[in-house]
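Participant: Order-wise, the sequence lines are chains A and B. Sequential numbering of the first sequence, starting at 1, is according to full-length UniProt numbering. Sequential numbering of the second sequence, starting at 1, is according to full-length UniProt numbering.
No lab work stands behind these hints, which were simulated from the structure alone. We put the beta carbon where it would ideally sit given N, CA and C, even for glycine. Treat the hints with caution; some may be incorrect.
Partial selection, computed: residues in chain B whose CB lies under 8 Å from chain A [stated by the list, open to error]:
1) Val1058
2) Lys1060
3) Leu1140
4) Asp1141
5) Arg1145
6) Val1152
7) Ser1159
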Amino acid sequence: MTLGLINANPVVHAKKERVVRNEDPHGDDAVDPLEIYDILLLLANFVRDIRDPEHPYSLEQLSVLSEESITVDEKLGRILITFTPTIQHCSMATVIGLCLRVKLKECFPPHFKVDIKVAPGSHADEESGDVRKTNAFNKLLNDKERVAAALENPNLRQLVDECLYSNEL
Amino acid sequence: MAEPSQLSQYIESFVDSSRSPTQQAASLEAIASLLKNNQLTIETLVREMEGYLTTVDNIIRARGILLLGEVLVCLASKPLDDATIHSLIGFFTDRLADWRALRGALVGCLALMRRKSSGGMVCGSDAKAVAESYLQNLQVQSLGQYERKLSFELMECVLERYPNAVASLGDTLIYGICESVDGEKDPHCLMLTFHIIEVLSRLFPDPSDALAGFAHELFEILGCYFPIHFTHQKDEDMTIKRDDLARALMLAFSSTPLFEPYAIPLLLEKLSSSLPSAKLDSLRYLTDCTMKYGADRMAKHIEAIWSSLKEAIFTSLDSVLLFTPESLEGPDLPKNEIAAEALSLLEKLIVQNTKLFLDLIVGDEDISMIFNTLSDYKNYHEIPLERKQRLNAVGRILFTTAKASQVSCNRVFECFFSRLMDILGLSARNSSGQPFFEESILISKRCNHGALYLSIEILSACRDMIASSETILAATSHTEETWKYLLQSFSSALTMGFCSAFICSSEGTHDAATYIGVKGLLILATFPGGYSLISKTVFEKILVTFVSIINEEYSKRLPWKLALKALVEIGSFIERYHESEKEPSYMDIVVEKILSLAFVGDFGIPFPLRLEALSDIGTSGRSYMLKVVQGLEEAIYANLYEVYVCMANKLLLILKDNYHVHGSTNSAEIVTHLLKCYSDKVIPWIRCEKGFEEVLLQFAINIWNQFENSTHFNASQTNKKGVLDVMMKAMRLAVANCSEEKQNIIVQKSYNILSSSISFPLEEMLLQEGFQIAQEVDNISSRDEWVLSLFAAVTIAVHPQTHIPNTRSIVSLFMTTLLKGNVVAAQALGSMVNKLDLKSMRGQTSSDCTLEEAMDIILNLSLWIFDKNSSSSIQSKMISVHDTGLNDLSNGVGSCTSLQIHAILGLAWIGKGLLMRGHEKVNDITMIFLRCLQSSGRAGISHQETSISENNYKLDLHNSVMKTAADAFQILIGDCEQCLNREFHAIIRPLYKQRFFSAVMPVLQSLVMKLEPLSRSFLFRASAHVIIDTPLIVVLSDTKKIIPMLLDGLSALSNDVVDKDVLYGLLLVLSGILMDKNGQEAVSDSAHTVVNCLVDLTRYPHMMLVRETAMQCLIAISGLSHARIYPMRTQVLQAVIKALDDPKRAVRREAVRCRQAWSVFSECWHQLHQEASISNSFHSFSQVQ
């Protein structure tokens, strides 16, 4: 079920220096963007896993995600993630979005509300001048029922599962 | 003589190719042994085999000849007469033409050619005949791998052993060899061919020889192998590695100068390749060839080599210099292998062709460009990265050049050093070093870090050159050298320069500047040859600069560290090169100043830093250490005196004036630091050096002397504990590092003081009225307590052979003291028990005792304490003693319990001593503990018919006794730093932990079965200690039996916060089991219980590490057989969901991983059910199903 490369030559960005956190032995650790980022990076190499053994890059190197693009409000229990697809086509962006959502649903307690958005200007539809489509896309990603429906679809479900789990096998 | 029929049977069975290889080998062996024992002659054998050797059947003939060859291999050391050898070699030489039966012929030839002269050798003419037949008949490259290998071995053998015989073959030989080696690919054969070419070139050393005509051809064959590209799998051919091949080829390359016109261009071409291994190989080959080809031949290529070499150095060196104290005087080799090889080649080339090469370097444009742009940047950190790399490269090149020889050093100083001085604005003058007035104006100019860096490189090269050339003594012979003149005239100016780099930096604080300044000064100070090169004033100025940094700049970490390190380096340099002229200055300026730091009052440098400086300076040389140790000890005694004696006076003063409170605690604090420094820094150093035992002996004796003299001992309660602890530590270490005779002196001394201050209890009295003694011990003065503790420290550290006087009384004394709760006494008793003689030896006095006797004393006393009947009687006595007026019941019971606790602790240490030496009495002690654990509080209650509330109180107390008994197992089996280890000369039986584990675990397990659930918890605690401290590998071998106990222990311990550390230790053992392959198999059956237990622990509220580890264990479990763990999936995932909300981040992270691990597995399971097409990754599942 290998498709052709959707993005044959991705732009690779240098890895950033990680901020070293001062661990506090006592007291509770709040959820912060770095933690979410770490969890999402467990999705590392998933671009490779889906499509292409030639791109051994992580989401970070492809700068799909960065620490700054994640915001957390611990009190209200809200997580907002803005990602930038490297690929200017609908299909991969949806899959990435879906993967992020499923991953976060699994990795955070249910009282967190997760919002996932595409960075403005990064999506092909928006370039064509149609801002409404980006909004539609964001709506799609954040619509509980449509996400659930997408995951009902066996093919889509399999794709997402492969993204999330195949690097472990 | 062997029977012909038997012989022919043997032959038949070897030749018959349908027989198994073992049969063939057996018959070969049989024939060989017949020959060896002279039961058979070679003639008979050959005659018997005639049919096989000459038959027209190719297979049988081949086997026959092979048999003869193999027999000869077996007879390598048996003497044979010349005629036999001659006829045999003649036969095999002929047979080389028979390609169908070649292997036997090759084996036979090789066996004969390899014979040693003692047993008869092949003569020269025969060897030549072999070579001729070889060259004429063998088409080596058309043979199989094994035959090729044999034939190469044969050729190698001929060339090595009969060079003169075959040399006359000339062209034919070389041509034949060219032909046979061309196109070889097998690594084993290649090793041989490379060696053949190497030997061949040695055969024709003269350039006018036959080889000259073939040099090009031969090199073409060789050249295509370079650089070696070796892609063999790891499993096969483990014997040959890429490096072996590369080395063999290198030797072949450099074997004759005739290869020079072809080899050097090839190597230079590959040097510019982008493959690092090719670069490295080229450099190594070039180095080797340079040495072998000679100066004249290399001169032709020198320009080409220089330019490629320069390129290699420029691109391969790191651009970042390290500015850490460690790199100050470390090995100067660059980390990059290519750069290191390139520089070593450069050095060889300079040595070989000094004049030519120096011209090249001096005239090089890249280098002079760097010099021209030096003044563009002042500070090192301003220089762009690329420029830094080049600067570094030039520095290394100049270093290597200057270091190569006197001549090159002169040249470098002439051309580069003076230019640097100009750039820095330093002026030459005589070494008197009077500062000029324009100094301050020029300061900014002198702060050119690039130039300073280059001067450092040149100076250090010059220093290394002198140090290595062994001509230090004849320093005067350098007079005419340019470098000497320049160095002398600039040395004081340079010192100023480096100092100013330092001064500039103290404002801007940049590591580079400080580093450069310190390093420059250090190099100037460590020029060998007394004061002939660097004048005394300069040297002392440098020392004063460093010392002042130590004294003043303590707030800045890096400069301080660097200066200290530099001083240490200078000290060890003086020691190493026996610079007797410089030693007094160093002693006066450095050692004395630093020593005074230990005394000077409480302003300025923090005390730990002073001690660091002190001990570091000490490590630079023996004489300094002696001085430092003296100073340190004086400081210790002085401060101890304060602690002992002046305390009383101080107390009065304190009452008057609050200010002094600070002062009095200070001396205790200082002495703590001093003693810590003594035991952490000085004693380990002394242990490595020989001949300092006397110092330790003196230290110990002096401490005791001081004690003896201080009769007005009055240490205040607040700070004495800390001082006593460090004193005991220092005493232990000092004694432990002495020899037996010195230990005897110390023990005797301490015993005298002990016996003069404490009256020994009598043994009988001890038995009868132990509790009263325990009361009496309460009343000993604090001085006696110190004496006793120090004596215990001595006892802990002695050798087993060291004699301890009056053992019997001392055992009793320690026994009573430990009942008071003195742990050190218990440890000392444990050590004594560990080291006492088993049998009484020589004429011992009645006061000494053997281990048996000592144990009797100990056990009698302790049994009596724990005996149910007597315990009630003690208690009543105790109570009566205590309650004489107050009628305070609970107090009496309390002191009885604490007596029991102390007794258990003491017994634990004693038991540890016994356990380590493997003495069976340890069982008695273990039994006491087990009895305590079983008693479930009944013993304590039964005889007291008091109210319920008091009963409860007592049950609690009794629990604490049981807890101590459980913890005693930790003391028994755990490692201890303070005593009973290798350092303190304990007798340790191998595998004692394993023995104890396998002895005590079954008992504990059966006890758990017997008791009712409520009273089990202490048993679990005890077994947890045993499991934790046993080596994991032992636990792993017994996993199946241990697991139920371990799991019960985990759930029992998780009820109480107090047990969290034990719980964590136990959990770590479980995770160790789960990580191990065999452990996983053993756990697999009880997976369900393990998971239940772990799921509970993921909610353990008291310790984050426990939750995290439990999570990790769950991840490990997901690796078990899927059929086994699938039922637990929902349970685990629910637990994980809860853990995702854990307050601690680490736990959440593990939870995410755990969820991932377990969901993968469930997803797979889903898909297995859902889809018909399953990807390969799920293969293992289908098997499970």
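Participant: A separate judgement is required for each hint: does it hold in the structure or not?
Facilitator: Now for the hints, and whether the structure bears them out:
1. Val1058: Violated: closest Cβ of chain A sits about 19 Å from B/Val1058, beyond 8 Å.
2. Lys1060: 14 Å, violated
3. Leu1140: Holds. Min distance 5 Å.
4. Asp1141: Result: holds, 4 Å to nearest chain A Cβ.
5. Arg1145: Where the cut-off is 8 Å and the nearest Cβ of chain A is about 4 Å from B/Arg1145, the hint holds.
6. Val1152: With a closest approach of 5 Å, the B/Val1152 hint holds.
7. Ser1159: OK, holds: B/Ser1159 within 8 Å of chain A, min 7 Å.
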